[in-house]
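Novice: Here are the chains, one letter per residue:
Protein chains: 8
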Amino acid sequence: MVDISVLMGSESDHAIANRVTKVLEETKYSFEVNVISAHRDPDKLEDHIAGSDAKVYIAIAGLSAALPGVIASKTMKPVIGVPVSAKLGGLDALLSVVQMPPGVPVASVGIDNGANAAKLAIRILDLIE
Amino acid sequence: MVDISVLMGSESDHAIANRVTKVLEETKYSFEVNVISAHRDPDKLEDHIAGSDAKVYIAIAGLSAALPGVIASKTMKPVIGVPVSAKLGGLDALLSVVQMPPGVPVASVGIDNGANAAKLAIRILDLIE
Amino acid sequence: MVDISVLMGSESDHAIANRVTKVLEETKYSFEVNVISAHRDPDKLEDHIAGSDAKVYIAIAGLSAALPGVIASKTMKPVIGVPVSAKLGGLDALLSVVQMPPGVPVASVGIDNGANAAKLAIRILDLIE
Amino acid sequence: MVDISVLMGSESDHAIANRVTKVLEETKYSFEVNVISAHRDPDKLEDHIAGSDAKVYIAIAGLSAALPGVIASKTMKPVIGVPVSAKLGGLDALLSVVQMPPGVPVASVGIDNGANAAKLAIRILDLIE
Amino acid sequence: MVDISVLMGSESDHAIANRVTKVLEETKYSFEVNVISAHRDPDKLEDHIAGSDAKVYIAIAGLSAALPGVIASKTMKPVIGVPVSAKLGGLDALLSVVQMPPGVPVASVGIDNGANAAKLAIRILDLIE
Amino acid sequence: MVDISVLMGSESDHAIANRVTKVLEETKYSFEVNVISAHRDPDKLEDHIAGSDAKVYIAIAGLSAALPGVIASKTMKPVIGVPVSAKLGGLDALLSVVQMPPGVPVASVGIDNGANAAKLAIRILDLIE
Amino acid sequence: MVDISVLMGSESDHAIANRVTKVLEETKYSFEVNVISAHRDPDKLEDHIAGSDAKVYIAIAGLSAALPGVIASKTMKPVIGVPVSAKLGGLDALLSVVQMPPGVPVASVGIDNGANAAKLAIRILDLIE
Amino acid sequence: MVDISVLMGSESDHAIANRVTKVLEETKYSFEVNVISAHRDPDKLEDHIAGSDAKVYIAIAGLSAALPGVIASKTMKPVIGVPVSAKLGGLDALLSVVQMPPGVPVASVGIDNGANAAKLAIRILDLIE
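Chains as they are written, first to last, in the working numbering: chain A, 1 to 129; chain B, 1 to 129; chain C, 1 to 129; chain D, 1 to 129; chain E, 1 to 129; chain F, 1 to 129; chain G, 1 to 129; chain H, 1 to 129.
Be aware that a few hints might be false.
[Unchecked claim] Not the full set, but computed from the structure, chain D residues with beta-carbon under 8 angstroms of chain B: (1) 40; (2) 66; (3) 73; (4) 75; (5) 95.
[As the list claims (entries may be wrong)] Simulated DEER-style distance windows between Cβ atoms: (6) E:47 - D:129: 19 to 27 angstroms; (7) F:126 - G:1: 53 to 61 angstroms; (8) D:44 - A:1: 56 to 64 angstroms.
Just so you know, the hints here were simulated from the structure itself, not pulled from any lab data.
All residues carry an ideal CB built from backbone N, CA and C; glycine is no exception.
I would like the entire structure built from these sequences, with the hints used as guidance.
Specialist: Set out below in C-alpha cells:
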C-alpha cells in the first residue's frame with residue numbers, strides 16, 4: 001500500500017524527483033519512486049499502474065513529456081505532472097504536460113518544480129482524513 | 001456546504017466557466033460560481049475563501065492570471081487553475097498560473113480547458129469516498 | 001492489408017486528415033483512416049496497432065499531441081506525426097510531436113501539413129519496390 | 001517615513017534588489033528593502049502596505065511574479081515591477097508582471113533591470129518637488 | 001499647460017489611444033493627444049517634447065515600438081509605454097517597449113492596455129498634490 | 001553503395017552527427033558522413049546528391065537550417081532533418097526544418113536528437129527487407 | 001535589364017509582393033516579379049538567377065522560408081528577405097529568413113513588410129548614382 | 001571619408017562589433033567604429049549621422065535595440081541591424097531591429113551575426129563600382 005506513486009520518464013529526471021521526495025519525507029504519507037518511460041516501456045507502465053493502489057500520481061518528464069498524460073489515461077486517480085527543462089527551457093515539456101485534450105486531465109505544476117508537485121499531492125491527500 | 005468553489009477573475013471568463021459547470025452538473029458534487037478578481041477585489045476574495053467550506057477550488061483567469069495563486073496562498077485546499085486566452089494565445093495566463101514559486105502549488109490545466117478542470121476536481125473528490 | 005494507417009486523435013482533426021488522403025488517393029498505395037485518441041482510447045489504440053499490417057503510420061493530433069509518440073512506442077514501423085493547430089498556433093502540438101526522447105523516433109512534418117505527411121509516406125514506400 | 005519601498009518576493013531576488021538600491025543610494029530619496037512573498041506571506045504583505053507611507057513601490061519577483069500586481073491591488077501609489085529571470089529567460093515573470101487586467105496598473109521595467117526601476121522611481125518622485 | 005501628453009506612433013493606434021483618453025476624461029487632469037512617429041518624424045517628436053510641459057508621457061506604439069524609449073531619452077519625466085498588437089500578438093511591441101537598456105527607463109503596461117496606462121499616470125499625478 | 005547519407009551543414013555540427021553514427025554503427029546498414037553547407041556550397045551539395053545512391057538522407061543543421069529542405073528538393077528519397085541548437089535554444093532550426101511548404105516533405109526529429117534520426121532511418125530501411 | 005528582381009515562393013505570397021511593387025512603381029527603378037519556389041523549383045530558380053542582371057533581389061516567402069537564403073547562395077548581389085505570416089504569426093518565416101549562417105547574408109525586413117523591402121532596395125540603388 | 005560606419009549601442013557590444021571589423025579588414029572598404037547609444041546619447045547620435053559621409057551603416061544593439069531604427073530615421077543610406085543576445089536569447093533585440101514600421105527600413109541580419117552584417121555591407125558597396 002502506498003499513498004503516492006512518483007514516476008519519472010528517465011534516469012536523468014532524478015534531480016527533480018529528489019525535490020518531490022524531499023518534501024514527502026517530511027509527511028505521514030507513503031510513496032514509492034520508479035523510473036518508467038511512457039515511450040520506451042509502455043507495457044511496464046501499464047502493468048505498474050494496474051497493480052498500484054496509489055491514490056495520487058506524480059509524473060516527471062522532459063521533452064515531449066507524455067508520461068503524465070499516459071498515466072491519466074490509464075487511471076482515474078489524480079495525476080500531477082512535472083515538466084522538466086531539457087530543451088527550450090522546458091517549454092516543450094510544459095506544453096506537452098498541460099495542454100491535454102478534454103477528458104483526460106493532468107494537473108501541471110511549474111517547470112522543474114518537484115516541490116510543488118509534492119505540496120499539491122499533500123493538499124489532495126489531506127482532504128481524505 | 002459546497003464541494004467545489006468555481007471562481008473567475010472577470011465577467012469575460014464566463015464562457016470558460018460554463019465548460020466547468022457543464023461537466024460538474026453531470027456529477028453528484030455541489031458547486032458554486034462567483035466572479036471575484038484577485039487584483040480588483042482582494043478583500044472580497046479573502047472573505048470568500050475564509051467563509052467557504054469548499055474542498056476544491058477552480059480558478060479561471062486570463063492575462064496575468066493571479067487568481068489561482070492568490071487563492072492557493074489563502075487556503076490549504078487543492079486549487080486548480082484554468083488559464084484563459086485573452087492575449088498571446090493565452091501563453092501569458094498559462095505561465096502566470098503554472099509557474100508558481102515553491103511552497104504554493106497550483107494545479108494548472110490547459111488553456112481555456114474548463115472541462116479538464118472539472119474532470120480533475122472530480123478525480124480529487126472521488127478519493128474521499 | 002493496408003500500406004498506410006492514418007490515425008487522428010479527435011474528430012476535429014478530419015480537415016487535416018483530408019489533406020492526407022487527398023494526396024494518397026492519387027497513388028497506388030492503400031490506406032485506412034481511423035479516429036483513436038491516445039489519451040481517451042489507449043486500449044483501442046493498442047489493439048489497432050497490434051492488428052495492423054500497415055507499413056507506415058501517419059498520426060494527426062493537436063494540443064499535447066501524444067498520438068504519434070504512443071504509436072511509435074507500440075510499433076517498429078516508421079511513424080509520421082502531423083501537429084494540428086488548436087491552441088498557440090500549434091506550437092504545443094509541434095513540440096509534443098517532435099521533441100521525442102531518444103529511442104522512440106517520430107518523423108514530424110509541419111503544423112497542419114497533412115499533404116507533406118502523405119508525400120513523406122510515399123517516399124518511404126517507394127523505397128520498397 | 002520612506003520615499004520608496006523596495007520589496008522582493010524571495011531571498012533569491014537580492015542580486016536584482018542590489019541593482020535597485022545601488023542607484024537609489026546616489027539620490028536624496030529614502031528607501032527600505034524587505035523580502036515578502038505575495039504567495040507565501042500574503043498577510044504580512046498586506047500589513048506592510050497598510051503601515052507604509054511609501055510614495056512609490058518597487059516590486060521584484062520571478063516565475064509567476066504576482067508581487068507587483070498584488071501590491072497594486074492594495075495601494076493607490078505607483079507600483080514598479082521588476083521581472084526576474086528564473087525560468088524561460090524571465091518570459092514568465094515578464095508576462096506575469098506586465099499583463100495586468102484593466103484597472104490595476106503595474107509599471108513594468110525590463111527583465112532583471114533593477115537599475116531602471118530605480119531610475120523610474122526617481123523620475124516619478126522628482127515630479128513632486 | 002497640460003498634465004499628460006499622449007502620443008501614438010501611427011494613426012492605426014487610435015483605438016488604443018481612445019482607451020487612454022476614455023479614462024483620463026473622468027479625471028481632473030488635462031491631456032493632449034498627438035500622432036508622431038519616432039521613426040518617421042524624429043524631428044517633430046523632438047520639438048514636441050522640447051516644447052511640452054507635460055508631467056507624464058503615455059506613448060502608444062506597435063511593431064518595433066521605439067516611441068516610448070525615444071521619448072524617455074529626450075525628457076526626464078516618467079514615460080509610460082503601451083505596446084500595441086500588430087504582429088505576433090504584440091510580443092514584438094512588448095519587448096521593444098519594456099526591454100530598455102539601463103539608464104533610460106520606460107514604464108510598460110500590458111499589450112493594448114491603454115486603460116492601465118491612464119490609471120498609472122493618474123497614480124503618479126496623484127502623488128503631486 | 002551506401003544506405004544512408006549523413007550530411008551536416010557545418011563542422012560545428014559534428015557532435016550531433018556523432019550521435020547519429022553511434023547508433024548506425026550498431027546496425028547492418030552502411031552510411032557515409034559529409035559536411036556540405038546548403039548555403040555556402042550549393043553546387044557541391046547538388047553534385048553529391050546527384051551522385052549518391054543513398055536510400056535515406058539524414059541532414060543536420062542549425063540556425064536557418066535549409067539543408068534538409070534543399071536536399072528534399074533535389075531527391076525523391078526520404079530526408080530526415082535534425083535541427084541543431086545554436087541560437088534561441090534551437091527553435092530557429094526546428095522551425096526551418098519542419099515548416100516545409102506542401103510538396104517537399106522533411107521528416108523532422110527533435111532538437112539535437114541525432115539518435116532518433118538514426119533510429120528513424122533504421123525503421124525506414126527495415127521496411128525494405 | 002532590370003534593377004530589382006522580386007521573387008516569391010508561392011502564388012499565395014502575391015498580396016505581400018503587391019506591397020513591394022506598389023512602392024517600386026513610384027520610382028525610376030525597373031523591376032520584374034516572378035513566382036519560383038526554392039523548394040519545388042530549384043533548377044528554375046538557379047537558371048533565373050544565372051540569367052538575371054538584377055542589382056538587388058527581394059525574396060518573399062513563408063513557413064520555412066528558404067528562398068532568400070538560397071538566392072543569396074547563388075548570387076553576390078544583396079538579397080532582401082520578406083518573411084510572410086502563414087503559421088505561428090510568421091515567426092517561422094522570420095527565423096528562417098534572418099538566422100542565416102555566417103558567410104551568406106540576407107537582409108531581413110519585418111513580417112509581411114513588403115513596403116520596407118522596396119524602400120530598402122531603393123536606398124541601396126540610390127547609392128549607385 | 002569612410003565607406004561604412006559601424007555603431008554599437010553599448011560597450012558590451014564590442015565582441016559582436018569585432019566580428020564585423022574582422023571581415024571588413026579583409027576588404028578595400030574603409031570603416032569607422034563608434035559606441036553611441038540611441039537611448040542615452042540621442043544628440044550625439046544625431047550629430048554623428050549628420051556629419052558622416054558613410055555609404056552604409058551597421059548598427060549593433062541588444063535588448064530594445066532601437067539604434068538601427070533611429071539611424072534609419074536620420075539618414076537615407078542603407079542601415080544594417082545586428083541584434084545582440086543579452087536577454088531571451090536575443091529575441092527581444094531581433095524583434096526590435098526587424099519589425100520596423102512601413103517607411104523606415106532596416107536590414108536585419110541574424111542574432112549576434114556581425115560577420116553577415118559585414119558581408120551584406122560588402123555586397124551593397126560592390127554594386128557601386
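Novice: Against this structure, judge whether each hint is valid.
Specialist: Here is how each hint holds up against the structure:
1. Below 8 angstroms, beta-carbon pairs count as interface contacts, and residue 40 of chain D has one with chain B at about 5 angstroms; its hint therefore holds.
2. Of the supplied interface hints, the one on residue 66 of chain D holds, with its beta-carbon coming within about 5 angstroms of a beta-carbon of chain B, less than 8 angstroms.
3. Because the smallest distance between the Cβ of residue 73 of chain D and any Cβ of chain B comes to about 5 angstroms, under 8 angstroms, the interface hint for this residue holds.
4. About 11 angstroms separates the beta-carbon of residue 75 of chain D from the nearest beta-carbon of chain B, more than 8 angstroms, and the hint is not met.
5. Against a cut-off of 8 angstroms between C-beta atoms, the interface hint on residue 95 of chain D holds, since the closest Cβ of chain B lies about 4 angstroms away.
6. Taking 19 to 27 angstroms as the suggested C-beta distance range, the pair residue 47 of chain E and residue 129 of chain D conforms, at roughly 26 angstroms.
7. Separated by about 56 angstroms at the C-beta atoms, residue 126 of chain F and residue 1 of chain G satisfy the suggested range of 53 to 61 angstroms.
8. Judged by the Cβ atoms, the range 56 to 64 angstroms given for residue 44 of chain D and residue 1 of chain A is violated: they are separated by roughly 40 angstroms.
When the structure is compared with the earlier hints, violations turn up for hints 4, 8 and for no others.
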